[in-house]
Structures are given as C-alpha cells and as structure tokens.
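A.B. asks: Now for the letters of each chain:
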Amino acid sequence: MIIKILLPILIIFTPMTTRIIDRIIYVLRTIVIGLKPIQSSKSSERKDYATRITMMCLRNLLRRRFRTSLCLFGVSLATIFIVAIGATTTNYTAVIREMNIFFSGDVVVVAEGAMVIQAFPVMGGNLPVSVAEKVQQVNGVKTAVPMLVRFGYQVEAVIQLAPTNVSIGIPPGNWSVLVGHTPLKPGGNWPSGDPGKKEVVVGPSLAGQYDLAVSSKVKVENTSLTVIGILDTRSALLSRSIILPLKLAQRLYYGHTMWINMVVAKPEEYGIQEQVANRIEEGIEGLEALTTHERHEIIEPLLHDVETWTLGLNSVLSLLSMILVTTVAMMNVSERRRDFATLDAIGAPKSAIFRMVITETMLIGLLGGLAGILLGSIAAILIASFYTNIPLSMFFFDLFNIVSPLFMMKILASTAAVSCVAGVIPAIAASRMNISEVLRSEY
Amino acid sequence: MIVETQELTRMYRLGASVIMAVNKVSLEIKESTFVSIAGPSGSGKTTLLHLIGLNDRPTSGKVFFKNEDTSLLSHRERREIRLRNIGFVFQTFNLLPTLTALENVELPMALAKIPPKLQREKAIQLLEAVGLTGRLQHRSKELSTGEMQRVAIARALANDPLLILADEPTGELDSETGYEIIKLLLRLCRTHKTTVVVATHDERVAKASDVKYSMRDGLITRDVGL
Chain U
8 MIIKILLPIL
18 IIFTPMTTRI
28 IDRIIYVLRT
38 IVIGLKPIQS
48 SKSSERKDYA
58 TRITMMCLRN
68 LLRRRFRTSL
78 CLFGVSLATI
88 FIVAIGATTT
98 NYTAVIREMN
108 IFFSGDVVVV
118 AEGAMVIQAF
128 PVMGGNLPVS
138 VAEKVQQVNG
148 VKTAVPMLVR
158 FGYQVEAVIQ
168 LAPTNVSIGI
178 PPGNWSVLVG
188 HTPLKPGGNW
198 PSGDPGKKEV
208 VVGPSLAGQY
218 DLAVSSKVKV
228 ENTSLTVIGI
238 LDTRSALLSR
248 SIILPLKLAQ
258 RLYYGHTMWI
268 NMVVAKPEEY
278 GIQEQVANRI
288 EEGIEGLEAL
298 TTHERHEIIE
308 PLLHDVETWT
318 LGLNSVLSLL
328 SMILVTTVAM
338 MNVSERRRDF
348 ATLDAIGAPK
358 SAIFRMVITE
368 TMLIGLLGGL
378 AGILLGSIAA
388 ILIASFYTNI
398 PLSMFFFDLF
408 NIVSPLFMMK
418 ILASTAAVSC
428 VAGVIPAIAA
438 SRMNISEVLR
448 SEY
Chain H
2 MIVETQELTR
12 MYRLGASVIM
22 AVNKVSLEIK
32 ESTFVSIAGP
42 SGSGKTTLLH
52 LIGLNDRPTS
62 GKVFFKNEDT
72 SLLSHRERRE
82 IRLRNIGFVF
92 QTFNLLPTLT
102 ALENVELPMA
112 LAKIPPKLQR
122 EKAIQLLEAV
132 GLTGRLQHRS
142 KELSTGEMQR
152 VAIARALAND
162 PLLILADEPT
172 GELDSETGYE
182 IIKLLLRLCR
192 THKTTVVVAT
202 HDERVAKASD
212 VKYSMRDGLI
222 TRDVGL
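Note that the protein sequences, when read in sequence, are chains U and H.
Heads up: the first sequence begins at 8 in the numbering used here, then just goes up one per residue.
Heads up: the second sequence begins at 2 in the numbering used here, then just goes up one per residue.
One chain only, chain U, in its complex shape (with noise of 0.2 Å):
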C-alpha cells in the first residue's frame, strides 16, 4: 500500500536524481579514465530501469523496517531542529533588521546609557521633551521629532523572546516619519491631537487578534482607548503597534506630559547625517545620537553570532543525521552483500549498485525531510506563538510566512544532499566487492 502511493511521487524526480548522477560518473569516469561513451537507450527503457531501481530501494527499506523507521525519525528529528530554529532565527533577524529600515537617514536620539535595538529604544532613558526643541536648534537639523516608545511584554506570560506590541507616541502631524507612506485601511483616519478624545490607530496584526475594527476599544494601561484606523501594512512591527498622539502616550505611560524617550532628528541635506550626529552629541549633554550606520552595528555583532551559532547548529545536526544515515547504509550493505554480488556476477554495472544505495540513502533523506519540515514548521509556529503570546491561530494562516517555501526547498534539498553524500561510502563499499570473495564466503 504504501510503496502503490509512494512510488509515482519518488519516481517523479528520483529518475531525474539518479539521472544526474549517473551523468556525474559517466563524466568522471570519461575524464579520469578515459572510458568511451556508454550507448543511450530509449527514454521507455531507462525509465523502466529506473523505476526497478526506485522500486527495489523502496522494498528494501521496507523490508528492514524498524530500522529504517528509526533512521528516517534521526533524520526527521535533526530536519525539525534545523527548521525550528532556523525558521524562528531568520524571523526574529528580519524583523530587527526591518527595524533599522524605520528613520532611514535620519538621527535617533536616545539618553546616554539608553539599550537601543536598531531605531528603537528598548530598556530605559528618558527626556525630558525640552530635548526636542535643543535637537531642532541644532545647525543642520531640519525638523526634530519626540517620541514615545514603549514595548509591551506581557509579564504573566513564559519567557517572551519578542514584545507581544508597541505603542508609540508620536506628535500629530508627523505620523509619516514614523509609518512612511503606509496608509490605513478603508474607514480609518489619523487622531485629532486631542487627548482627551483618547483615538488611537493599530496595526493589522493586533486588530486581527483581538478582532478589532474602527471605533473598537482597546485597553492600555487601564484606559479605554478608541481604534479610529487600522494600518494596511505587512510590517512585523507596524503589524504590531499601537500609533497614539504623543500626549496621550506620556498620560499613559508617565501621568505627566514631561519626559519622552526618543527624538528622531531628521538632518537638513542628504550625506550630513554623521555631522549632526555629532553635533548633537557635542552640543547636548547626556544624548546618544546615532546614525543608521551607528544603529546598525550596534545590533550586527549580535545577529552575525546567532546566525553562526544557527549554522554551526545546522552543521553539527546535518553531520549527525548523515552519520546516522551512512551508518545504516553500511548495516544494510554488509546485510546484502550476497545481493550485491549477485547483481555484480549477472552483468549489473557497478554504477547501478552505486546508484542503488545512493537511491535508497536519498530516499531516506526525502521522506525524513519532508516529515522534518512538516513537523519542524509545525514547532516554529508553537516556538513563535510560546515566545510571543501571540495565538496559535493566527500564525498558522501566516505559515508561509514564518517558514517560507524557498526556506523549505533549501532544507528539503540540502537534506537530500546530505544523504546522498552519506551514501558515497558504502556506495562504494557495496559496488567495489569482490564477487567471487562475497559468493564463496555467503554458503
């Protein structure tokens, strides 16, 4: 039954595999040796011949069941973690790089000591709102804009990776330095300014998960809030945000219109960043002002580690699973070796025995990879939701999203590869045996 519903799928593409490899020995095997072109046959009988040698794998790890039951869960077991944490790395690294795309050539300005990821402070620093006015002063500043950031961590939930939202207070009028040319959905419109009106405008993601539309309430702080518009936009962290005039923020967050804990200086000309960067640091004690460039390597060191550690990761769990995979080859090799031999002595080329255990390793590594992807997806979506309190649910019908079709094509492809090349030893050990030896000895 299963070898009826496998084989079509495998016979697909594992012709073209094994076509290609043949093709990489017979072009290896001309230049190394010399030897003459092999004849072509029809395109019926090669596929035939295939098809027997994509059947005759698939029994045979079929016959040795457990045993390939087990090599395929070491396989599928390395492909989640692969996926899991590269799915769950590749995000967070994307979403704080997105980060740094906000205020793009513009200045941020941060108390001294202030933990800043990428354009946002993220831990401590405040200032006082006078700061902005200072910053305006500035030669070489155009306009200066203070701004209230606060990310919101949900304390009674586990251990969170990444802030559930954002809420940012933002003078009125100047809403396009933060969002750009990001407009709102239909219906929706920007605050007033007024803050006794208490109007706020969401992102998408938020509005989703706690199904909220124009003139919905939200709660921040113990305050009802009005939703007057919801962002269209794919932003991970728009997505997120909660967009209030400034005031209003500083009500919320402080209980006083004084401090803030950002300002974004935005410099008169282009390529004059860094100048009033420093002019700001000089002129104004107790500010950090940091440039994109400067933002930017703050955070990278950090995001080169972990993506090394993933790799390194990746790595040592792609090493193991081929270890586990060429292990089991060579138990099944040593197991048939009377096969190989008598396939060697009724005339098959030693290509085809190559070929065989290369097929039967590659299949191993599909199917483990294809069950590896299925469920490692499955645990970036538990990882993400764990990690963010956001609801199972709703990444779900974003699975793309956070585990990318090119992204499981690369795992599938490079898992196939893997097994492939642990393969080649006992590829080698079941097409290079001596067939009078092997005869002799197996009665």
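Because the hints were derived from the structure by calculation, they are not lab data.
Computed from a predicted model, the values in this text were never measured in an experiment.
Quick reminder that beta carbons are idealized off the backbone N, C-alpha and C, glycines included.
Careful: at least some of the hints might be erroneous.
[Stated by the list, open to error] DSSO-like, lysine-lysine: derived pairs with alpha carbons at most 27 Å apart: (1) U/Lys192 <-> U/Lys204; (2) H/Lys213 <-> H/Lys31; (3) H/Lys184 <-> H/Lys194; (4) H/Lys123 <-> U/Lys54; (5) U/Lys205 <-> U/Lys226; (6) U/Lys224 <-> U/Lys205; (7) H/Lys118 <-> H/Lys194; (8) U/Lys54 <-> H/Lys114; (9) U/Lys54 <-> H/Lys118.
[What the hints assert, rightly or not] Some chain U residues flagged as far from chain H (calculated, every beta-carbon gap over 12 Å): (10) Cys64; (11) Leu65; (12) Asn98; (13) Thr100; (14) Leu191; (15) Ser222; (16) Arg241; (17) Ser242; (18) Arg258; (19) Met337; (20) Pro398; (21) Ala424.
[Said to hold, decoys possible] Derived coverage of chain U by chain H (criterion: at least 3 residues anywhere in the stretch with Cβ under 8 Å from a Cβ of chain H; other residues may be distant): (22) 53-61; (23) 354-363.
Once you have looked at the hints, place chain H on chain U.
C.D. replies: Structure of chain H alone, referenced to chain U:
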C-alpha cells in the same frame, strides 16, 4: 569452442599460507554440451566456475570466451559478456528477496535495457518453461527450494546466454527435486542449444553429462569424453 582455459591458476593468500584453489587447469568446452565438474568440497570447482564466468581474474593462465582472450578485456567488457552471454545458477539460488519471481527473471533483461513489454513476455514464457506458471508474483520466501532454483534457472536464461554455469544446483535440494532440476537443465541444454557447465558432487549429474571432469586439490584429475 565456447570456453577454453589454458594453464589456469588461482591462488589465495590466507594469512601466511597460500592456497592453490585452481592449479594449471586446461580444458575445452564445446558449444551445446552438458559438462559436469565433479569433486569434493574445497576441490576448486566454484573457483573454476567463477574464473570461467569472468567473475574473477586468474593469478596466471588464460580464459578464452568464444576464442577471445578475456584477460585483455576491461571490467566493463567482462560485465557485458556476463550480462549477455553467461547465465549463473547458484547453490543457494541467490534470488533477490525483495523481488517477485517474475521480477527476478526480468532483472537481467532490464539490465540489458530490453523494452519492458518484451521483458514481461519473455519472463512469463521462461517461468512457464520451468513449470512455475502459478508462482509469478511470489517472492522467494514464499517459494519452496525447488521453486527458487527453477526461478534462478529462468533468470539465468533471461538474456539467451550461450553458457550457463551452475554451481551445485542440487546441493540445497532434496533428492527428488534435485533430479527434476537436473532434467530441467538437460532439457534446456538440448532445446535451447545452450552450453551448461555444472559443478557438482551429485553422481546423477555426472552420469547425465556429455563431458565429465573431476577436480581434486585444484587439479583436473580426470577427463572423460564421450
């Protein structure tokens, strides 16, 4: 002459000692004959068959296949001869356990890149010829030893070989089934005009053969022609 050997010698090293498995064997095998090579275990029969069947290379001496010196052939050319001109029947049948009887017989034809439809037709025909009409879809573990040996014979005949080499084909079979197999090989030799060389210590095989050889300690000790 289909096969001729000249001073064929095969030595093995077993630790410090050297075993002379085949010692300067010279023989000639004519086409369409039934040849038996009798001898006790360890006399060198199997090694001689592997040398004649181009599965192994001699330490010295030569094997001529259809008057062609096989020592000059590459591995690939020797394999081509094995595939198209030589059929093997082993004592332990050596059927591929994951394949059905029909698929086992089709396998050499698939390796020879014969069109699938022809493979199927011929495999059915061969299995019918060895009396296994109802066992086409059975795997080796579902067959009796006699049936397995019949499948092995059908497989050996798949590519219409000029020569069939059978190594103790009745060794694993009971007396009655063994006799059936000998009769089958003889019939094939007569009807297909195939040369059959059988290594055996079964006296009935020796009696039924056209040409009898005896081996002991790697030497052809007796040569009885018709």
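A.B. asks: Confirm or reject: U/Ser242 is not an interface residue toward chain H, with every Cβ-Cβ distance exceeding 12 Å.
C.D. replies: Holds, because the least Cβ-Cβ distance between U/Ser242 and chain H comes to about 55 Å, which exceeds 12 Å.
A.B. asks: Going straight from one Cα to the other, do U/Lys54 and H/Lys118 come out at no more than 27 Å?
C.D. replies: holds, 13 Å
A.B. asks: Decide, holds or violated, for the assertion that all CB atoms of chain H are farther than 12 Å from the CB of U/Leu65.
C.D. replies: For U/Leu65, whose nearest Cβ neighbour in chain H is about 9 Å away, the distance does not exceed 12 Å, so it is violated.
A.B. asks: Go check the segment 354-363 of chain U versus chain H for me, would you? Three or more residues, Cβ under 8 Å, otherwise it fails.
C.D. replies: holds (count 5)
A.B. asks: Does the no-contact call for U/Ala424 survive, Cβ to all of chain H over 12 Å?
C.D. replies: holds, 26 Å
A.B. asks: Between the alpha carbons of U/Lys205 and U/Lys226, is the straight-line distance 27 Å or under?
C.D. replies: Holds - the C-alpha atoms of U/Lys226 and U/Lys205 are around 11 Å apart, at most 27 Å.
A.B. asks: So if I understand the rule, the pair passes when the alpha-carbon distance is 27 Å or less; does H/Lys123 with U/Lys54 pass?
C.D. replies: Satisfied, since the Cα-Cα distance of roughly 19 Å is no more than 27 Å.
A.B. asks: Would you assess whether U/Leu191, listed as outside the interface, keeps its beta-carbon beyond 12 Å of every beta-carbon in chain H?
C.D. replies: With a cut-off of 12 Å, U/Leu191 remains clear of chain H, as the shortest Cβ separation is near 65 Å.
A.B. asks: With a C-beta cutoff of 8 Å, work out whether three or more residues of the segment 53-61 of chain U approach chain H closely enough for the coverage to hold.
C.D. replies: holds (count 4)
A.B. asks: Taken at face value, is the distance from the CA of H/Lys194 to the CA of H/Lys184 at most 27 Å?
C.D. replies: Cα-Cα ~15 Å, so holds.
A.B. asks: Is the nearest Cβ of chain H still more than 12 Å from the Cβ of U/Arg258?
C.D. replies: Check passes; 76 Å lies beyond 12 Å.
A.B. asks: Evaluate the condition: distance from the CB of U/Met337 to the nearest CB of chain H exceeds 12 Å.
C.D. replies: Holds, since 19 Å exceeds 12 Å.
Against the hints set out earlier in the document, violations occur for numbers 10, 11.
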